[in-house]
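Peer 1: Protein chains in written order, with the UniProt record's numbering: chain A, 1 to 166; chain B, 1 to 780.
Please keep in mind that the hints were generated in silico from the structure rather than gathered at the bench. We treat Cβ as the ideally placed atom computed from N, Cα and C, and that holds for glycine. One or more of the hints may lead you astray.
To be verified - Ranges between beta-carbon positions, derived for each pair:
id	chain 1	residue 1	chain 2	residue 2	range
1	B	D622	A	S134	41 to 49 Å
2	A	E127	B	R436	17 to 25 Å
3	B	T462	A	E3	49 to 57 Å
4	A	P123	B	E777	45 to 53 Å
5	A	S134	B	R30	23 to 31 Å
6	B	P662	A	E3	47 to 55 Å
7	B	A75	A	E18	46 to 54 Å
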Amino acid sequence: MSEPKVTVCCTVNGQKVEADVVPRMSLADMLREELHLTGTHLGCEHGVCGACTIIVNGAPVRSCLMFGIQAEGAEIRTVEGLADGDTLSPLQRAFWEKHGLQCGFCTPGFLMLATWMLEQPEPVTEERLRHVLSSNLCRCTGYTNIVRAVTAAAKEMGKWAESAAA
Amino acid sequence: MAGLPDEPMNWIGRNIPRLEDPALVRGEGRFVADIAVGSRAVVFVRSPVAAGVIRGIEKPDLPRGVLVITGGDVAALKPIVPRLGRFNYVAIEQPILPRDRVHYVGQPVVAVVAPTQREAEDIADAVFLDIEPEQAVVDLDSAAGPGAPVVHPMAPTNTIVEGRIRTPGLDAVLAESTIVEIDVRSRRQNASPMETRGGAASFDKASGRVSLHASVQMPHMLRTGIADCIGMPEADLRVVAPDVGGGFGQKMSLFPEYVLLVWLARKYRTEVAWIEDRRENLIASAHSRDQHHIVRGAFDGQGVMRGLDVEILANIGAFSCYPTTCGVEPLMALAEYAGPYKVAEYGTHARGITTNTAVMAPYRGVSRPVVSFALERLMEVAAKRLNIDPIEIRRRNLVTVFPHRTPTNMVLDEASYLETMEKAVEVADLPGFRARQQAAREQGRYLGIGFSVINERTGYGTPAFAARSMEITPGYERVEICMTPSGEVEARIGASPHGQGLRTTLAQIIAEEVGVDVQRIRIIHGDTDRTPYGWGTFASRSLVIAGGASKLAAGKLAQKLKRAAAVLLQGEESQVRLEAGMALIPGGASISLDTIARTVYHSAGPISEKIGYDLNEAATYDPEGTFSNACHVAVVEVDAETGNTRILRYIVVEDAGRLINPMIVDGQVQGGVAQGIGNALLEEIIYDADGNILTGSFADFIPPTMAEVPDIEVHHLATLTGATVLQAKGVGEGGSIAAPAAVINAICDALQPFGVQLFEMPATPQRVRAAIRAAQETSP
Numbered sequence: 001m002s003e004p005k006v007t008v009c010c011t012v013n014g015q016k017v018e019a020d021v022v023p024r025m026s027l028a029d030m031l032r033e034e035l036h037l038t039g040t041h042l043g044c045e046h047g048v049c050g051a052c053t054i055i056v057n058g059a060p061v062r063s064c065l066m067f068g069i070q071a072e073g074a075e076i077r078t079v080e081g082l083a084d085g086d087t088l089s090p091l092q093r094a095f096w097e098k099h100g101l102q103c104g105f106c107t108p109g110f111l112m113l114a115t116w117m118l119e120q121p122e123p124v125t126e127e128r129l130r131h132v133l134s135s136n137l138c139r140c141t142g143y144t145n146i147v148r149a150v151t152a153a154a155k156e157m158g159k160w161a162e163s164a165a166a
Numbered sequence: 001m002a003g004l005p006d007e008p009m010n011w012i013g014r015n016i017p018r019l020e021d022p023a024l025v026r027g028e029g030r031f032v033a034d035i036a037v038g039s040r041a042v043v044f045v046r047s048p049v050a051a052g053v054i055r056g057i058e059k060p061d062l063p064r065g066v067l068v069i070t071g072g073d074v075a076a077l078k079p080i081v082p083r084l085g086r087f088n089y090v091a092i093e094q095p096i097l098p099r100d101r102v103h104y105v106g107q108p109v110v111a112v113v114a115p116t117q118r119e120a121e122d123i124a125d126a127v128f129l130d131i132e133p134e135q136a137v138v139d140l141d142s143a144a145g146p147g148a149p150v151v152h153p154m155a156p157t158n159t160i161v162e163g164r165i166r167t168p169g170l171d172a173v174l175a176e177s178t179i180v181e182i183d184v185r186s187r188r189q190n191a192s193p194m195e196t197r198g199g200a201a202s203f204d205k206a207s208g209r210v211s212l213h214a215s216v217q218m219p220h221m222l223r224t225g226i227a228d229c230i231g232m233p234e235a236d237l238r239v240v241a242p243d244v245g246g247g248f249g250q251k252m253s254l255f256p257e258y259v260l261l262v263w264l265a266r267k268y269r270t271e272v273a274w275i276e277d278r279r280e281n282l283i284a285s286a287h288s289r290d291q292h293h294i295v296r297g298a299f300d301g302q303g304v305m306r307g308l309d310v311e312i313l314a315n316i317g318a319f320s321c322y323p324t325t326c327g328v329e330p331l332m333a334l335a336e337y338a339g340p341y342k343v344a345e346y347g348t349h350a351r352g353i354t355t356n357t358a359v360m361a362p363y364r365g366v367s368r369p370v371v372s373f374a375l376e377r378l379m380e381v382a383a384k385r386l387n388i389d390p391i392e393i394r395r396r397n398l399v400t401v402f403p404h405r406t407p408t409n410m411v412l413d414e415a416s417y418l419e420t421m422e423k424a425v426e427v428a429d430l431p432g433f434r435a436r437q438q439a440a441r442e443q444g445r446y447l448g449i450g451f452s453v454i455n456e457r458t459g460y461g462t463p464a465f466a467a468r469s470m471e472i473t474p475g476y477e478r479v480e481i482c483m484t485p486s487g488e489v490e491a492r493i494g495a496s497p498h499g500q501g502l503r504t505t506l507a508q509i510i511a512e513e514v515g516v517d518v519q520r521i522r523i524i525h526g527d528t529d530r531t532p533y534g535w536g537t538f539a540s541r542s543l544v545i546a547g548g549a550s551k552l553a554a555g556k557l558a559q560k561l562k563r564a565a566a567v568l569l570q571g572e573e574s575q576v577r578l579e580a581g582m583a584l585i586p587g588g589a590s591i592s593l594d595t596i597a598r599t600v601y602h603s604a605g606p607i608s609e610k611i612g613y614d615l616n617e618a619a620t621y622d623p624e625g626t627f628s629n630a631c632h633v634a635v636v637e638v639d640a641e642t643g644n645t646r647i648l649r650y651i652v653v654e655d656a657g658r659l660i661n662p663m664i665v666d667g668q669v670q671g672g673v674a675q676g677i678g679n680a681l682l683e684e685i686i687y688d689a690d691g692n693i694l695t696g697s698f699a700d701f702i703p704p705t706m707a708e709v710p711d712i713e714v715h716h717l718a719t720l721t722g723a724t725v726l727q728a729k730g731v732g733e734g735g736s737i738a739a740p741a742a743v744i745n746a747i748c749d750a751l752q753p754f755g756v757q758l759f760e761m762p763a764t765p766q767r768v769r770a771a772i773r774a775a776q777e778t779s780p
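Using the sequences and the accompanying hints, generate a full structural model.
Peer 2: What follows is the structure, encoded as structure tokens:
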């Protein structure tokens, strides 16, 4: 039963890594099982819930829908890379302060998607925030405090703009 | 309504950021799939047919290290058989793996064990189940009707549980009143926690014990249930609920998969793990709320509801859930139908009907989202029929005098049913809304407002469960508290949180009593080796019951510390205050609690006569229960062309008594409302006539996203009653109980010009359009 493996070289959270994976292994499984980065969670494994969202080459990606071997040479960022040592990122801190999480299972996906959004040149309005983050599911919070947390982080980072409708 | 005088309010009532969160926002939580990495994988082959006879199971050639386990291999395992002592309950046996018949699509039939998930899935694909299909019964009304196929031979009418109640004066009231009858249908739900079910069982060769880490809400109960099925000493099993990614009731019950994991680990002296995928969760974990109610309200000319007569059918699925039994839905509806309303005369006939569908189990609110949907729709329809304003008809019927005894003998403690509604009317600016609604209608836009007034039975202990005649009566909670020699406080609790923030709120309660910072308090939960027997987390109970026990245990610890301080400071025990980690007496003398702790353990001599040799205390709390309450308001716009509903504003005015951490309370309410919005508009598990499930992915079963759920405003009233030691009431379920009625009342209000009345949820765009079409066809 030994399936042939392929060596994948990529950068994860700034570190060069290598993993020997079977070609059918998803990128999410590669991160979790081969690189022991279990902060990336699997909620549906069919690309709907967004819990496994990571940033690959500057774009948000559902890591359950990508193979590990497709990450050859890629720059990958996961939830484990958000904090700077003991210092949480402004977004992580906002999720904490605004009670933007309850069970915490969907949180890494929301954090990665929102981190990506906050790094884009366009300012964040409530409309854009809801439009982008509506691609992820949370079952605990009712989203209200996720919106408040991302809004607070955007304001702190100077990325917030009142929407035209407001 | 304010806090009690003379009581320092340092920790209670503060929005302390949760102690749980730093690890979770770093991705350093420890969920069961994280623990399972590297274990041998278990994959279940599940029945592809809803009813049938197993003729044979063909296995492929198995590589070394791969096991294929069938019902014949586990014939020695006892089935899961929850029991109920009355209500004509028929005990049905759920096999761990079936040997002769299958009863629903998704039932586990074969377990494959392989070194990796991939290999296990490959083998599972190659296992062939030779099952001769039989006629399945899926639909609730058909299953309850005459001539239906029989699911279990011991229940020839498919009725597994049946409750009746009828007050003596009901018939007279029905005869002399205006009868408003509605026919209410709730379609099947799936709680859909973001983390699916899963377990990792590992055998320890040195001790002969098995540890099961599992994503569950009731670890102690699970341990007893598994040990019973396997016939192993319970003491040789440790169950741990690590970080649990939501549960909402779905993770309360004992499932065959967990029994099998422990059996495998023990028999093969190994480590095995099963992590459910989303499809399995949608088709084969617990479902809920497939119910049909016929409700007859008897109103007098003033709109006072003098009687209520209800027929309840609940689809319980193929087996009865353990430990609550399948009575949980129909009997809760029977007991709690009157909600916050005065109902003098009451009758119910409630039946739980078995079908060839997935097993029903409690889901946040259990039957009450359906009950409040029915009652609040009834109020609207009655108001219209009797030409009374819908708010006014509620005013005339809400309970305002407390305590109030319901027709089913529950006692409603002091609450604010009327006050929350009046406040909600004010916050929503009802007159202003009516003006906007009129203006919008003139532009062909349909806005609507919907109200829903509910009460939520919370924090109930063993008396309430005993009243249902359950063989197993959950309810009490025990907290064992200890100050370590270094001065930290450890509290071991039987409750088992999974997102509710209990580590923070219980720490606040203990900090208040003992006078230490929350940062120095550790709440230890979810591990049967480290915590006292308890019932886990469900039924909006943990803050009230485990919190109450925490307060009592911490109070005892505080007393002990004061006694020790009095000895060491040579003062009066009654004059010692504990504050900010210090024990102080009038006149300025003080000693740190750390010093007291070190002295008690390490220099026991002088004070052991007064306080013994440790700083351990414990308390058990088993309350009668209390009722929190709320009024919800939804403002919607319905697109009459597409049937789509957009929620423009959502307001909750709730009363949970004393709030320990208001931010966490708001989060519970908001999360419940979002699930209620899903229930009202989107979520439905659909079977075809043969019992195949058509909604096996999140593309078909659709939980709401940030695009559907608006900002949820929460306002608080605080009725402090003596029903619980904390003066707190539970809030975990109220959001999901009230929201469906508020949303669907709003849709009906929006579609008033069409005369549309909806009695089925979810009110999907298809159903709304169908109702508009039907209304247009019948109107001249």
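Peer 1: Hint by hint, say whether it matches the structure.
Peer 2: Hints versus structure:
1. B/D622 <-> A/S134: 41 to 49 Å: 44 Å, holds
2. A/E127 <-> B/R436: 17 to 25 Å: 21 Å, holds
3. B/T462 <-> A/E3: 49 to 57 Å: Cβ of B/T462 to Cβ of A/E3: about 54 Å, so the range 49 to 57 Å holds.
4. A/P123 <-> B/E777: 45 to 53 Å: Check passed, 50 Å falls within 45 to 53 Å.
5. A/S134 <-> B/R30: 23 to 31 Å: Hint holds: Cβ distance 29 Å, inside 23 to 31 Å.
6. B/P662 <-> A/E3: 47 to 55 Å: For A/E3 against B/P662, whose Cβ atoms are near 54 Å apart, the range 47 to 55 Å holds.
7. B/A75 <-> A/E18: 46 to 54 Å: 48 Å, holds
Checked against the numbered hints above, the structure breaks none of them.
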